[in-house]
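Using the hints, build the complex out of the two chains.
Protein chains in written order, with my numbering: chain W, 1 to 219; chain F, 220 to 454.
Treat the hints as calculated values from the structure; they're not laboratory data.
Glycine included, each C-beta is placed from N, C-alpha and C at the ideal position.
Mixed in with the good hints there might be a few duds.
[Stated by the list, open to error] Straight-line Cα separation of at most 25 Å, DSS-like style, residue types lysine-lysine; simulated pairs:
no., chain 1, residue 1, chain 2, residue 2
1, F, 377, W, 15
2, F, 366, F, 377
3, F, 367, F, 262
4, W, 211, W, 55
5, F, 444, W, 15
6, F, 367, F, 377
[Said to hold, decoys possible] So the derived list for chain F, only partly shown, Cβ under 7 Å to chain W, looks like this:
no., residue
7, 245
8, 247
9, 256
10, 263
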Amino acid sequence: MQVVFNNLLFLFLWKLFFTVFPFFGGWTWQDMRLLIACGTGSLGLMFVFFGGVKKMPDFIRLCQTSRPALTSKAPLFTLLCGSSIPSGWGHLATSLFCFMLGDLSLIPLAFVYMTLACFLLTATHTLLYSLLFWCRAGSWIAIYEELFLLLSLYPIPHKNMCLLLLFPAGCVGTLPVTLLRTFSWSPFFIFLTSTSLFCFLAFIVFFFGCKKYQAQTLH
Amino acid sequence: MKRLQSLPSLIIHTLRATFSCSRFLGAILYLLLILWVYFHIGKALPLSSLQQEQFLGYIACNYFVLLSLPSWEQGEMQSSYASQLRTFIRKGIILGGITLLTLKFLNKVLIFSWSFFAMSWGFALLSGLLSLLMTTTLLHLCLWYNKKPGLFFWLYSKGLFLFGGLFLPLTLYPSWLQTVAHCTPFPAILADRSQLIFSLQGSSSLIHAYFGWSLLLLGILHAVKDQRTQNASSF
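Just chain F, same shape as in the assembly (with noise of 0.2 Å):
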């Protein structure tokens, strides 16, 4: 009994947690914003009306993602792995529950339904390890080569803008481009996952790719780090 009483109180502490950030809030009103402008942008494009869904769609599940990610600027990337995890998590799931419940609200017919949405939040789940991963190792390779971090982690925003296909699905990119994001994690992080909305097809090699680089990245970083530690040693 007391554990079901706690249960709601734990909800409600997290919910009032999260509120209580104005930057989150801001991240909030960034997406309603962002799915306002798309959907309109999405209206006009010639397209059926089942394609339109898709691409608001696609552009959603980039952007809940996005905004859930730990971010460098607002020091959230400094904290321990596991509350970054936390925090994207937390994120993840308010954000993409007020993207699902604004697409029902744009949409008359959605196309996609709660059981995709617990899909592509599981999928979600992947990418946020990813990128998790992705960062320490980039937080790593910084503080061996004594460089300061803020210029990498600039460029990996870019990264995940482009190579994610953040406003433009990778099929729509030029062959060469996506010969090159596909060299890249970023589309496994971002664009691969929102394009389940257009086809299911792709699911396993995504989790092929996901797997395929975290065990990449675990390399590089178990390197670094025994470098490191050699390095100190040494001295």
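Just chain W, same shape as in the assembly (with noise of 0.2 Å):
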């Protein structure tokens, strides 16, 4: 319920923001309602089907201190699937209620982009998170996500996107919203190839982070 609640409050003080300034750099109310509703929704299907993710440090922590024999042929994927969150639902929620106050018939496509998004986030963090692996960085990570965030869910305009695709943040928010309200091939090909780089990433890093400790269990 509090996810909800944060997430409603969000969405109603940029009504409130888009009532007094109903266009801005390229954004309507339409557009941030879309962003809302992709970003929760992107972030509600991770937490919801790869809740895993976020016991990845617990994880790595375990393989530094007694070495666990892995038994799994991928346990990237045993890891991530292994749990769900519970506020995942409440993201979900909030999306759907996004969607509702707008137009419904956006949801079969919009479900395509979130799945790429959610898809790009698992692998940002799983990447993040791999990184554990050679330092200790965890408090920074934390710092991340949440710039992460901050940068997924507010209306930059549309001129100032390389950061946020470099970040790549763009892609969960204001890509989805672009794609949703025009669709063209190049900003598909260049969200498609960033999940697909991102998810490649993550798997070769935490392979990698796996094989240092099985090679040093071995020996």
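Below, the structure is given as structure tokens:
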């Protein structure tokens, strides 16, 4: 409930903002609503289906202390899908509410983008947490997460999107909204490439992290 | 001479202690990013350049105080009052300085000056004291009712977010919401102080609000403490 209240408060404040300034930098209230819908939807999907991502620091700590033998053939997949975070349902409910305020027919297409964004979010988190195999940067990862969310859920004027795409917070909120408004292949290609690249990187970094500890266990 | 030598070392020690804390560096990064975001939002708003600067200044004044306030989640509220106040002052000075420098960098013409910021810091200190009083009263109320304080502090942060006019000046809120907001102490902590950037006329009413709310909160705190002492002695 806290998550829903939090998200609705955020939505309400932006509604107030857009009542005073109905249009700025290419953003309208409809776009903002879609941004919050896509952002919370992606986050919700990640928490519900890949909730294990938040347990990665514990897993890595376990690897560092007791060096368990990895029995699963796909430890990353087992770890990610192993648990679910209930607050994800709150995010999904907010997302659905935002779509219900406007055009429900956008949901199927938005779901495709949110799924891609969910993979990207999971990959980014996995990549970040995998750094814990080599360095102690737990607090910095929490800071990055906060900044990532800030950039994902704020309406940055479209001409300043470069940083967002590099970060890649723009792919979670701004890019899906752009695609939902008018579909074109180039942003979709950027979105797809970014997601694939981050998924690949996350897999590789996690694989080498596990390898490091397995090699140490053998010695 | 010895005192003169110790002052720079004290400053260096304070800066080192502050910057060695990754959470605080995180707050600095958050502040810089939020200023960058609102700088671009402000530039896109259909306002004159003066109003755009005022808008950014308003947001900046809100955020530097908000990020300086002791946080419940980070365990800062569990320390002594003096320590909380010290943390607030230290964070406020550094974050305020960074805010001013960033605004100077982002805006070629700056409507507000060092003197405005000095005044803003003064009011920020009063805001910090009021917030400290409020959180202390909340904590004592939680202890009295045997409730976990987490939820109360979460509501407190949401109150600051909504009624504190975090990213929209309260004057632009619907009139019913302005009335509701002014029935709480949150505008005195954030919005009313930051609104001084638009006009200095509200400064005297702001001081009245600080003292009024402080007296009320002190009264509640005193009553709750008395009640708790009586309950304890009756057992």
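Consistency of the hints with the structure:
Proposed proximity of residue 377 of chain F and residue 15 of chain W is supported: the alpha carbons are some 16 Å apart, at most 25 Å. With a C-alpha separation of about 19 Å, the suggested pairing of residue 366 of chain F with residue 377 of chain F holds against the 25 Å cut-off. The suggested pairing of residue 367 of chain F with residue 262 of chain F is violated, with an alpha-carbon distance near 43 Å, which exceeds 25 Å. For the suggested pair residue 211 of chain W and residue 55 of chain W, the alpha carbons sit about 19 Å apart, so the restraint of at most 25 Å is met.
For the hint linking residue 444 of chain F to residue 15 of chain W, the alpha-carbon distance of about 41 Å lies beyond 25 Å, and the restraint is violated. At most 25 Å may separate the alpha-carbon atoms for a hinted pair to count; residue 367 of chain F and residue 377 of chain F meet this at roughly 17 Å. The interface hint given for residue 245 of chain F holds, since its Cβ lies 4 Å from the closest Cβ of chain W, which is under the 7 Å cut-off. About 10 Å separates the beta-carbon of residue 247 of chain F from the nearest beta-carbon of chain W, more than 7 Å, and the hint is not met.
Hint status for residue 256 of chain F: holds, given a least beta-carbon distance of 5 Å to chain W, under 7 Å. Interface restraint check for residue 263 of chain F: the shortest CB-CB distance to chain W comes to about 3 Å, inside 7 Å, so the restraint holds.
In the structure shown, a violation is registered for the earlier hints numbered 3, 5 and 8, in ascending order.
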